[in-house]
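Participant: Got chain V; can you put chain G on it based on the hints?
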Amino acid sequence: MSWLAAMRMAFMALVSWLAAVAVSFVLIRLIPGDPVDIFANRMNVHAGDELVAAYRQAWGLDHSLIEQFFIWLKGFVTLDWGVSFVTGGSVSNELAPRLAWSAAIGFGGMIAAICFGTFLGFRAALHPGGMADSLSRSMAVAGQALPAFAVGLLALWLFAAELRWLLPFSGSTVERLVLPVALVAFFSIGSVSRLVRTGFAETAAAPFMRTALAKGLSRKTALWRHGGRQAAIVLVAGIAPDLAWIVGGTAIAEIVFGIPGLSERVVDAVSSRDYPVLQSYIALVALWIIFGLHLCALLRHTLDPRIGSLPSRVQ
Amino acid sequence: MTSERSHNYLPVALLFVGTMLLGAYWQPHNPHAVDLNNVLSTPSLEHWLGTDHLGRDVASRILAGARPSLSAIAIVIASSIGLGLAAGVAIGFGPPALSRPVRWLAQTALALPTLITALLLATLFGAGLLAISAALVASTWAPYALSMSALLERLRGEPYWLASLALGSSVTGAVYRHMLPNAWPAIGALAGADAGRAIILVASMGFLGLSADTGRPEWGAMVHEYRIFLFSEPRLVLAPVLATAMAAFVLNRTLDRS
Numbered sequence: 006m007s008w009l010a011a012m013r014m015a016f017m018a019l020v021s022w023l024a025a026v027a028v029s030f031v032l033i034r035l036i037p038g039d040p041v042d043i044f045a046n047r048m049n050v051h052a053g054d055e056l057v058a059a060y061r062q063a064w065g066l067d068h069s070l071i072e073q074f075f076i077w078l079k080g081f082v083t084l085d086w087g088v089s090f091v092t093g094g095s096v097s098n099e100l101a102p103r104l105a106w107s108a109a110i111g112f113g114g115m116i117a118a119i120c121f122g123t124f125l126g127f128r129a130a131l132h133p134g135g136m137a138d139s140l141s142r143s144m145a146v147a148g149q150a151l152p153a154f155a156v157g158l159l160a161l162w163l164f165a166a167e168l169r170w171l172l173p174f175s176g177s178t179v180e181r182l183v184l185p186v187a188l189v190a191f192f193s194i195g196s197v198s199r200l201v202r203t204g205f206a207e208t209a210a211a212p213f214m215r216t217a218l219a220k221g222l223s224r225k226t227a228l229w230r231h232g233g234r235q236a237a238i239v240l241v242a243g244i245a246p247d248l249a250w251i252v253g254g255t256a257i258a259e260i261v262f263g264i265p266g267l268s269e270r271v272v273d274a275v276s277s278r279d280y281p282v283l284q285s286y287i288a289l290v291a292l293w294i295i296f297g298l299h300l301c302a303l304l305r306h307t308l309d310p311r312i313g314s315l316p317s318r319v320q
Numbered sequence: 429m430t431s432e433r434s435h436n437y438l439p440v441a442l443l444f445v446g447t448m449l450l451g452a453y454w455q456p457h458n459p460h461a462v463d464l465n466n467v468l469s470t471p472s473l474e475h476w477l478g479t480d481h482l483g484r485d486v487a488s489r490i491l492a493g494a495r496p497s498l499s500a501i502a503i504v505i506a507s508s509i510g511l512g513l514a515a516g517v518a519i520g521f522g523p524p525a526l527s528r529p530v531r532w533l534a535q536t537a538l539a540l541p542t543l544i545t546a547l548l549l550a551t552l553f554g555a556g557l558l559a560i561s562a563a564l565v566a567s568t569w570a571p572y573a574l575s576m577s578a579l580l581e582r583l584r585g586e587p588y589w590l591a592s593l594a595l596g597s598s599v600t601g602a603v604y605r606h607m608l609p610n611a612w613p614a615i616g617a618l619a620g621a622d623a624g625r626a627i628i629l630v631a632s633m634g635f636l637g638l639s640a641d642t643g644r645p646e647w648g649a650m651v652h653e654y655r656i657f658l659f660s661e662p663r664l665v666l667a668p669v670l671a672t673a674m675a676a677f678v679l680n681r682t683l684d685r686s
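Protein sequences, first through last, are from chains V and G. Heads up: the first sequence at position 217 corresponds to 222 in my numbering, and the numbers run straight through without jumps. Heads up: the second sequence at position 250 corresponds to 678 in my numbering, and the numbers run straight through without jumps.
No lab work stands behind these hints, which were simulated from the structure alone. Where a beta carbon is used, it is the ideal one built from N, C-alpha and C, also for glycine. Heads up, some of the hints might be wrong.
[What the hints assert, rightly or not] Derived CB-CB ranges, DEER-like:
| hint | chain 1 | residue 1 | chain 2 | residue 2 | range |
| --- | --- | --- | --- | --- | --- |
| 1 | G | A514 | V | G134 | 37 to 47 Å |
| 2 | G | S469 | V | A105 | 50 to 60 Å |
| 3 | G | W454 | V | D309 | 53 to 63 Å |
| 4 | V | I71 | G | P613 | 43 to 53 Å |
| 5 | G | M674 | V | M136 | 19 to 29 Å |
| 6 | V | L84 | G | R528 | 33 to 43 Å |
| 7 | V | V179 | G | N465 | 45 to 55 Å |
| 8 | V | L23 | G | L538 | 34 to 44 Å |
[Unchecked claim] Sample of chain V residues at the chain G side, in silico, Cβ under 7 Å:
| hint | residue |
| --- | --- |
| 9 | A150 |
| 10 | T216 |
| 11 | I260 |
Bound-form chain V, shown alone (with noise of 0.2 Å):
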């Protein structure tokens, strides 16, 4: 790709990222109920004019919507993510330890569907209608009709209070990141087996598979080694809503398991009214989704530099 075409592409996803951000950022502001009213209630103290000129100010309210914006996003680069209204504590150090955890159940969460779902693909590809075929279609219905937190529920009660493998609350982390990471998993472990098995499934189809059999290549070898390609193609190209999934997966994992995530704080934040939170989640969620989705373009582009290089719905 040239460098022309990339950066083209880095600088759509920095558009789309400043839009959702600057569509949130006025939302949020449009919600009834003011946030000092609101502190002044929780705190029991009667809101007079002086204090609340001085929070309005403290929290840099008495600006214009669009100064808010452009001081909001300055600090956000530089990692200042401004001071919670409700606890009055900075929201860069508030999150960073909340975010690793959310991190390490969301990146873990995929990397294991990936394998789990590839491996499972792959066996499927191999044979049609087997067991693996069977178990990855079963368990693509299964990511689509059944409740996350039910799943989650069941497993912790399995696991941790029947079974007795496991200390999930009180464990070390690498008991805590079990179940949880393997929850948000198991929702797309199906998803990715049932894209796989295409990619894999085109390539035993083609012609050049029986010059590799001719060969003396065993059916596997050959599969694995001739279609990789098409399989990641065809799992990149639609691995989109997974991205997303990661995203709810996490939060609803944090809260059946008992992490202190991201999304424990975010709950909180949606009835307290903290903007800095709020604010501060969705522009790391939309960072997330947005350059996820043009990662995604850039590895089918590099698979396969006939397609091209921005994600098929920005076209």
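Facilitator: Chain G in isolation, oriented as in the chain V frame:
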């Protein structure tokens, strides 16, 4: 998945939705009646699923809890199909000034994570069914619109379409007469998946503690309320969990023929 196989679920689904409808309006006990002399009792003839930590009848609460799920399904299917079809026609037949932005919106909406959208909309409208429905509609109309417009584009090349226009029928009339019958199978499959997703979303928001009215029974909110009893009284958690999972699964399997 063949259509014969998914037809097998139809009676089950009808039975299920029928029970949900019935349960939403009739329960053996008052789902709110607190009885502190009879807390955490095990299942009996009087209380089919026992009672909770406040002595309320769990079976009655499960039945009453079907109501928010049913409303969400109704809202989502009605508005997604309405909005989706309208947008699909706008993409397919509107002038470029209309069709381009609508198509762009639809493609953007495809990437919206439903749960996160619901969470954020709850910040705007307050936690409740309104935020949940708005999020569902916002993220579910797009597939309808895009598949409808793709269908329109294909059908526009068909001779019978040109013939019907040549015979003098209006575009709206021709869409109604020739497009909708063709669109129905695809729309039905999407609607089934969405009905299942609506149930899951309502319950997930309730579970996160963001359902409208914590006093009113709702499956996800019940799981949220009872989850401290997961180890001591698993029945309290399993009942709403299974109700949600079964409802979502059955609906998804019945109408989704993909």
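Participant: Next, verify each hint and record whether it holds.
Facilitator: Going down the list of hints, with the structure as the test:
no.: 1; hint: G/A514 with V/G134: 37 to 47 Å; result: holds, 42 Å
no.: 2; hint: G/S469 with V/A105: 50 to 60 Å; result: violated, 44 Å
no.: 3; hint: G/W454 with V/D309: 53 to 63 Å; result: holds, 59 Å
no.: 4; hint: V/I71 with G/P613: 43 to 53 Å; result: holds, 49 Å
no.: 5; hint: G/M674 with V/M136: 19 to 29 Å; result: holds, 26 Å
no.: 6; hint: V/L84 with G/R528: 33 to 43 Å; result: holds, 38 Å
no.: 7; hint: V/V179 with G/N465: 45 to 55 Å; result: holds, 46 Å
no.: 8; hint: V/L23 with G/L538: 34 to 44 Å; result: violated, 20 Å
no.: 9; hint: A150; result: holds, 4 Å
no.: 10; hint: T216; result: violated, 34 Å
no.: 11; hint: I260; result: holds, 6 Å
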